[in-house]
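Engineer: First to last, the sequence lines map onto chains A and B.
Residues in the first sequence are numbered consecutively from 0, following numbering that gives the first Met the number 0.
Residues in the second sequence are numbered consecutively from 0, following numbering that gives the first Met the number 0.
Just so you know, the hints here were simulated from the structure itself, not pulled from any lab data.
Heads up, a few of these hints could be off.
[To be verified] Below, a list of computed lysine-lysine pairs in the DSS-like style, where the Cα atoms sit at most 27 Å apart:
hint : chain 1 : residue 1 : chain 2 : residue 2
1    : B       : K515      : B       : K422
2    : A       : K141      : B       : K266
3    : B       : K422      : A       : K141
4    : A       : K136      : B       : K422
5    : B       : K266      : A       : K136
6    : B       : K413      : B       : K515
7    : B       : K515      : A       : K136
8    : B       : K338      : B       : K422
All of these numbers come straight from a predicted model, not from anything done at the bench.
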Amino acid sequence: MIRLIAIFWLVASAAFAVQPDEVLDDPVLEQRARDLSQGLRCPVCRNESIDESNAELSRELRILLRERLVDGDSDDQAVDFLVARYGEFVLLRPDTSGVNVVLWYAAPVMLLIALGIGWSVIRRPAAAPDDLSEAEKAELQKILRS
Amino acid sequence: MLNELAHFALILAFGVAIVQMIIPLIGAQRGNVGWMSLAEPAATIQFLLTGFAFAALTWAFVVSDFSLQLVYLNSHTDKPLIYKISGVWGNHEGSMLLWVLILALFGACAGWFGGNLPMRLRARVLAVQGSISVAFLAFLIFTSNPFTRLEFPPLNGRDLNPLLQDPGLAFHPPFLYLGYVGLSMAFSFAVAALIEGRVDAAWGRWVRPWTLGAWMFLTVGIALGSWWAYYELGWGGFWFWDPVENASLMPWLLATALLHSAIVVEKREALKSWTILLAILAFGFSLLGAFIVRSGVLISVHAFAVDPERGMLLLIILGIFLGGSLTLFAFRASAMQSKGVFSTVSRESGLVLNNILLAVSCFVVFIGTMWPLVAEMLFDRTLSVGPPFFDAAFTPFMVGLAIALPLGSMLAWKRGTLERMSKAMAGWLMLAVALAALAYAVQSGGSALGPVGVALGVWVVGGALADLWLRAGRDDLRTRLRRIRNLPRADWGKATAHIGMGVTVFGVAAMLAWQKEDIRIAEIGDRWDMGAFQVQLDAVDQIQGANYVTTMADMSIWRGDRELYTLQPEKRFYPVANMPTTEAAISNGIIRDVYVVIGDPQANGGWAVRTYDKPFANWIWGGCILMALGGLLSLSDRRLRVGAAAAKPVRTGAVPAE
Numbered sequence: 000m001i002r003l004i005a006i007f008w009l010v011a012s013a014a015f016a017v018q019p020d021e022v023l024d025d026p027v028l029e030q031r032a033r034d035l036s037q038g039l040r041c042p043v044c045r046n047e048s049i050d051e052s053n054a055e056l057s058r059e060l061r062i063l064l065r066e067r068l069v070d071g072d073s074d075d076q077a078v079d080f081l082v083a084r085y086g087e088f089v090l091l092r093p094d095t096s097g098v099n100v101v102l103w104y105a106a107p108v109m110l111l112i113a114l115g116i117g118w119s120v121i122r123r124p125a126a127a128p129d130d131l132s133e134a135e136k137a138e139l140q141k142i143l144r145s
Numbered sequence: 000m001l002n003e004l005a006h007f008a009l010i011l012a013f014g015v016a017i018v019q020m021i022i023p024l025i026g027a028q029r030g031n032v033g034w035m036s037l038a039e040p041a042a043t044i045q046f047l048l049t050g051f052a053f054a055a056l057t058w059a060f061v062v063s064d065f066s067l068q069l070v071y072l073n074s075h076t077d078k079p080l081i082y083k084i085s086g087v088w089g090n091h092e093g094s095m096l097l098w099v100l101i102l103a104l105f106g107a108c109a110g111w112f113g114g115n116l117p118m119r120l121r122a123r124v125l126a127v128q129g130s131i132s133v134a135f136l137a138f139l140i141f142t143s144n145p146f147t148r149l150e151f152p153p154l155n156g157r158d159l160n161p162l163l164q165d166p167g168l169a170f171h172p173p174f175l176y177l178g179y180v181g182l183s184m185a186f187s188f189a190v191a192a193l194i195e196g197r198v199d200a201a202w203g204r205w206v207r208p209w210t211l212g213a214w215m216f217l218t219v220g221i222a223l224g225s226w227w228a229y230y231e232l233g234w235g236g237f238w239f240w241d242p243v244e245n246a247s248l249m250p251w252l253l254a255t256a257l258l259h260s261a262i263v264v265e266k267r268e269a270l271k272s273w274t275i276l277l278a279i280l281a282f283g284f285s286l287l288g289a290f291i292v293r294s295g296v297l298i299s300v301h302a303f304a305v306d307p308e309r310g311m312l313l314l315i316i317l318g319i320f321l322g323g324s325l326t327l328f329a330f331r332a333s334a335m336q337s338k339g340v341f342s343t344v345s346r347e348s349g350l351v352l353n354n355i356l357l358a359v360s361c362f363v364v365f366i367g368t369m370w371p372l373v374a375e376m377l378f379d380r381t382l383s384v385g386p387p388f389f390d391a392a393f394t395p396f397m398v399g400l401a402i403a404l405p406l407g408s409m410l411a412w413k414r415g416t417l418e419r420m421s422k423a424m425a426g427w428l429m430l431a432v433a434l435a436a437l438a439y440a441v442q443s444g445g446s447a448l449g450p451v452g453v454a455l456g457v458w459v460v461g462g463a464l465a466d467l468w469l470r471a472g473r474d475d476l477r478t479r480l481r482r483i484r485n486l487p488r489a490d491w492g493k494a495t496a497h498i499g500m501g502v503t504v505f506g507v508a509a510m511l512a513w514q515k516e517d518i519r520i521a522e523i524g525d526r527w528d529m530g531a532f533q534v535q536l537d538a539v540d541q542i543q544g545a546n547y548v549t550t551m552a553d554m555s556i557w558r559g560d561r562e563l564y565t566l567q568p569e570k571r572f573y574p575v576a577n578m579p580t581t582e583a584a585i586s587n588g589i590i591r592d593v594y595v596v597i598g599d600p601q602a603n604g605g606w607a608v609r610t611y612d613k614p615f616a617n618w619i620w621g622g623c624i625l626m627a628l629g630g631l632l633s634l635s636d637r638r639l640r641v642g643a644a645a646a647k648p649v650r651t652g653a654v655p656a657e
C-alpha cells in the first residue's frame, strides 16, 4: 500500500494544466496569457492546447509565453516567437497565408453557391405532369391513408 | 468452447449476410417472391448469430476469462461489474462487434416491422443492409477477431483504461453506435429507392422513422460524451473540436438536415434527389467517422486502438459504399422528378434554407477536420486546425440557423405569408432584444457572446411556443388550449425539439461567456471568494477504492456565514493501468454549477486547487435531452407508423427509457 502511494505521487505530480505558481500577479497580463495559450497547440501531445495540457513541455511554453508578455511583447510578437521555434503547427487558428485561403473561404463560397442553387430550385417553373399510373396512385393513396 | 462457438457463429453470420445481400436482390429484379421473402429470415438469423457472439463475449468479460486476449488486455478481476460489461465495447474489437450487432439489429427490425413495405422495396432494403453487414463482418472476422485465445492464460488482466471506467462512458458508445449505424437504414432505403428508380411520398414516410430514431440516439450519444468530458477532464470543457468529436458531429448535422428534407418529400413530393443524396452522405459520414477514429490519420486526444492497416480497410469499405451509391445516384437522380411547386415564402423554402445551413455547416466541420491532412499531403505544410478556427467558422451558421428556425417553421406549406408570422413573432423579438440588453447591462465588460445567446435562446424557444399557439386557431383561451393539447404528437415533438435547440444555444453561449475560474494554492482551512460564494478547503485524505487509491479533499461551499454543502473532489490513481485520473466534484444546479478540482500537494505546503463557477452548464445537455425527447414524441405519432392497421409500432418498443 505504501509503495502504491509512492508511485501515486510520482505520476500525479505530472498532472494539472495551469499551475498556481505559473499565474502572473497582473490579472490583465495573465488573462492575455490564458487567451493566447488556448490558441497554441502543445507540440508533443495529442491535440491539446498548451493551456489544457499536462505535459512538461506545455508548462515550459506557458512560462515562456508569460515571460515574453512580462517583457513587453505584443500578442503577435509572443506568438511569432513560438511559431519561429515550433512551426505553424502550434497555431490552433491557422493563418490565411497561401493555400489556407481555401480553408477559410471554402465555406462562405459554398454557402453562396448553395443559396444560389436553392434559389433556382425554389423559383423553378411548374414540374412535369404526374407520371404515376392509376393503379400506382390507388396504391399510394391506400398507403398514405392508413 | 463457448468462445469458439461464438467465433463460429460470427462466421455463420457472415455467410448468412452474403445470402441476404444477393438472393433477395436477384429475387426483386426477377419478381421472384420466394427469393425476395428470404430476406427477412436471413436478417433475423444474422441478428441471432451476432447476438449470440456478443453475449458470449460479454460473458467472457463478466467471468474474467483471461484465456481471451481481449479480456486480458481490457479487464481485471477487481473491476466493478458494470465496467466489466462496458469493457466489452471499450476496445477496438469489442466495439466493432457491437457495431456489427447493431447493424444486424436494424436489419432485423426492418424485416420485423417492415411488413407494410412493398415486397420489392423491402427485399432491396434488406439486401443493401446485408451488404453493409458483409463488409463489417468481414472486417471483424479477418482483421479484428475478438475471440483470439492466449496459449497461456495469465492470472489477471491489464485493466480497462481508467478514464473509461465511468457510467457516462459506459453508455456513450452504445448510443453513438445506435446513431451511426441507424443511419445505415436511411442509406439502405436510399439505395433501394435508387435501384427501384422511384421516390414518392410513401418512401419519405417510411424512411423518416429510421432516420428519426438514429438521429435521436446520435443526439443522446454526443450529449453523453460531451457531459462526460465536462465532469471528467477536470476543467469543465464540453466540446473540443477534436477530430473524433467532429466525426460524430458531421453525421448528426446531415441527419438533422435529412430529417427535415424527408418531411418535404413526404408532404410535398419535392427535394427528392437531394434527400436521397443526404441519406447517402449521412451514412457516408458515419463511415468516415469510423475511419477517422480507428485509422489514426488525424491526431486526436481520443487514444483509440489505432491501426493504419485496419484504417486502410475501413477506407476501402467507405470508398466502395460511397462510390457505388453515388454512381448509382448519378445515373438515377434525373428520374426523381419533383412534383410539388411552392412559392418563395413557404415552409418548403424554410426547409431548403435549413438544409443549406446544416449542410454547409457540416462542410465547415469537414474541411476543418481534414485540412491538416490535405495541407500536409498536397502542400507540405504541417499545420493545425483547432477550436479557434471552428468557433469562428462554424458559429455564424448556427446563429443563422437559430434566427431562421422560428420563421421557417411557422410558414404554411406551399404558400405562406410573412404577415401572419410577423404578428406572432413581434412580441418575442422585442422580448429577446430586451433580455439581451439586460444581460449586456448586467455583465461587466464587452463580450457580445452572452447577450447574443440570450436573444437567440428566447427567439427560438418563443418561436416554438408561438408556433403551437398559432396552430390553435382563433378562439377563446380554453378552446385554444384544448386544441393545443390535442395536436398530433409530431407537432409536440417538433416544438419540444426546437425548444431544446434554443436551450442548448443559450446554455453554450451563457456558460462560455460567464464562467469564472480560480487557480490557487490553498492550505487546509483557507477560504476564498468564488463569484457569489466562498470556498473553503477543509481536509485532504488518502482513501483506498475498489481498484484504485484516491486523494479526496473536503471542500465546503459558503455563502456569507452559512455553509451550503461540501464537495469532495478526488485525484485517483489506478495502479494496474498505472494512470491517474481527476474526479472533479460538481454541485449541479439550474442556474450554475460549482465545480471544484483538487490538484497536487505543493513543495512548501498547501494544495493546488481549482474552482469554477459554470453558469447554466446543465442547459447545454438539458437542451440535447429535449431535442431527443422531441424525436421520441414525433416517433410515437401514429402517422409515422405507416400501416397502423397492421398495428405494428415502428421500433418504439426498442427505445430505452433514458
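Engineer: What hint numbers does the structure not satisfy?
Structural biologist: 1, 3, 4, 6, 7, 8
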